[in-house]
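**Q** Note that the protein sequences, when read in sequence, are chains C and B. All letters in the first sequence, in the order written, are residues -3 to 83 by the numbering used here. All letters in the second sequence, in the order written, are residues 24 to 152 by the numbering used here.
Think of the hints as simulated: they come from the structure by calculation, not from any bench. All residues carry an ideal CB built from backbone N, CA and C; glycine is no exception. A couple of the hints might just be wrong.
[What the hints assert, rightly or not] Quick list of the computed label-pair ranges, beta carbon to beta carbon: (1) B:Ala96 <-> C:Lys62: 44 to 52 angstroms; (2) B:His95 <-> C:Asn61: 24 to 32 angstroms; (3) B:Glu48 <-> C:Lys64: 42 to 50 angstroms; (4) B:Thr100 <-> C:Lys64: 31 to 39 angstroms; (5) C:Lys14 <-> B:Arg111: 32 to 40 angstroms; (6) B:Glu133 <-> C:Lys62: 38 to 46 angstroms; (7) C:Lys62 <-> B:Thr100: 45 to 53 angstroms; (8) C:Lys11 <-> B:Val108: 40 to 48 angstroms; (9) C:Pro18 <-> B:Ala96: 30 to 38 angstroms; (10) C:Pro18 <-> B:Met64: 18 to 26 angstroms; (11) B:Arg80 <-> C:Ile65: 22 to 30 angstroms; (12) C:Thr8 <-> B:Arg68: 20 to 28 angstroms; (13) B:Lys83 <-> C:Lys62: 32 to 40 angstroms.
[Stated by the list, open to error] With a cut-off of at most 27 angstroms between alpha-carbon atoms, the simulated BS3-like pairs for lysine-lysine come out as follows: (14) B:Lys83 <-> C:Lys14; (15) C:Lys17 <-> B:Lys114; (16) B:Lys114 <-> B:Lys83; (17) B:Lys114 <-> C:Lys14; (18) B:Lys76 <-> C:Lys76; (19) B:Lys83 <-> B:Lys99; (20) C:Lys14 <-> B:Lys72; (21) C:Lys62 <-> C:Lys14; (22) B:Lys56 <-> B:Lys76; (23) C:Lys62 <-> B:Lys83; (24) B:Lys79 <-> B:Lys63; (25) B:Lys83 <-> B:Lys56; (26) B:Lys72 <-> B:Lys83; (27) B:Lys76 <-> B:Lys55; (28) B:Lys55 <-> B:Lys83; (29) B:Lys99 <-> C:Lys67; (30) C:Lys62 <-> B:Lys76; (31) B:Lys76 <-> C:Lys67; (32) B:Lys56 <-> C:Lys76; (33) B:Lys119 <-> C:Lys11; (34) B:Lys119 <-> C:Lys17; (35) C:Lys76 <-> B:Lys99; (36) B:Lys76 <-> B:Lys114; (37) B:Lys63 <-> C:Lys17; (38) B:Lys119 <-> C:Lys67.
So you can see what is in the structure, the chains are spelled out below.
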Amino acid sequence: RRNMRRTAPRSTLRKIIKNHKPQLRLAADVDLLVRKERDGCRVHLNFLLFLHRLAEEARTNAFENKSKIIKPEHAVAAAKVIKHFKY
Amino acid sequence: PLQPLRAKPVPKSSGASRRKTCEPEVPSSLIKKIFSHYVKMPVSRDAFKIVEKCSKRYFKQLSDDLEAYTNHAGRKTVEMADLEVLMRRQKLVTEKMPMHVLIERYLPLEYRKLLIPIAISGNKVIPCK
Chain C
-3 RRNMRRTAPR STLRKIIKNH KPQLRLAADV DLLVRKERDG CRVHLNFLLF
47 LHRLAEEART NAFENKSKII KPEHAVAAAK VIKHFKY
Chain B
24 PLQPLRAKPV PKSSGASRRK TCEPEVPSSL IKKIFSHYVK MPVSRDAFKI
74 VEKCSKRYFK QLSDDLEAYT NHAGRKTVEM ADLEVLMRRQ KLVTEKMPMH
124 VLIERYLPLE YRKLLIPIAI SGNKVIPCK
């Protein structure tokens, strides 16, 4: 648990967004490789934070139900709460 | 001579097309790892499936938002500023929690180096502007 994989699946993130919005470009010019990478990790950062929030909510729900493990209903409830923040 | 030709391509093409149409997504093993890292509790298998579904939806929403922001700014390219505005609206970035603190906290060192200028000896700043 301590050594979580920290690298971002950059090209996958790009592909996902490309899949949803083919006409949208993530800041990328061939010469600005750093730029390209930057945005890749920003999206990744956002995704990490999203998962973090989801995890916290799910955990709270599980505690409230006195459950020792996260069950699907906890995750669903957590997702609904986060949707409230627009996700 | 016609019959063998007709019979052949049917099973092959169906398999190949299915492979292609499956959409890109973050590997479920990675989602699992990140989620269980944050949640610090046992998670049932079905709950992971829910999390995966949520991530999918999250990405859809994310691309919608990014599109809206960039269109609003009259651009076609997503830039850093758009992401920052988005995260401000998500209440992830606030006055008390600036962007670079989040970056420092959540991203590994190699990425941090790319994102935050660091002053090094000799009065140089990396990355230079």
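**Q** Has the given pair, Lys72 of chain B with Lys83 of chain B, been kept, meaning a C-alpha gap of at most 27 angstroms?
**A** It holds: about 17 angstroms lies between the C-alpha atoms, which stays within 27 angstroms.
**Q** Please verify whether Lys62 of chain C and Lys14 of chain C have alpha carbons no more than 27 angstroms apart.
**A** violated (42 angstroms)
**Q** Measure nothing beyond the straight line between the CA atoms of Lys56 of chain B and Lys76 of chain B; if it is 27 angstroms or shorter, mark the hint as holding.
**A** holds (15 angstroms)
**Q** For the pair supplied as a hint, Lys76 of chain C and Lys99 of chain B, confirm whether the alpha-carbon distance does not exceed 27 angstroms.
**A** Answer violated: Lys76 of chain C to Lys99 of chain B is near 31 angstroms, above 27 angstroms.
**Q** So if I understand the rule, the pair passes when the alpha-carbon distance is 27 angstroms or less; does Lys62 of chain C with Lys83 of chain B pass?
**A** violated (33 angstroms)
**Q** For the pair supplied as a hint, Lys56 of chain B and Lys76 of chain C, confirm whether the alpha-carbon distance does not exceed 27 angstroms.
**A** holds (22 angstroms)
**Q** Just to be sure I understand the hint, the distance between the Cβ atoms of Pro18 of chain C and Met64 of chain B should be within 18 to 26 angstroms; is that true here?
**A** For Met64 of chain B against Pro18 of chain C, whose Cβ atoms are near 39 angstroms apart, the range 18 to 26 angstroms is violated.
**Q** Hinted pair, alpha-carbon criterion (27 angstroms max): Lys83 of chain B, Lys14 of chain C. Please report holds or violated.
**A** Holds - the C-alpha atoms of Lys14 of chain C and Lys83 of chain B are around 10 angstroms apart, at most 27 angstroms.
**Q** Please verify whether Lys62 of chain C and Lys76 of chain B have alpha carbons no more than 27 angstroms apart.
**A** holds (25 angstroms)
**Q** Given the hinted pair Lys99 of chain B and Lys67 of chain C, is their Cα-Cα distance within 27 angstroms?
**A** violated (41 angstroms)
**Q** Evaluate the given range 44 to 52 angstroms for the C-beta pair formed by Ala96 of chain B and Lys62 of chain C.
**A** At roughly 48 angstroms between Cβ atoms, Lys62 of chain C and Ala96 of chain B fall inside 44 to 52 angstroms, so the hint holds.
**Q** Are the Cα positions of Lys119 of chain B and Lys67 of chain C separated by 27 angstroms at most?
**A** The hint is violated at about 33 angstroms.
Violated hints for the displayed structure, listed by number in ascending order: 2, 3, 4, 5, 8, 9, 10, 21, 23, 29, 33, 34, 35, 37, 38.
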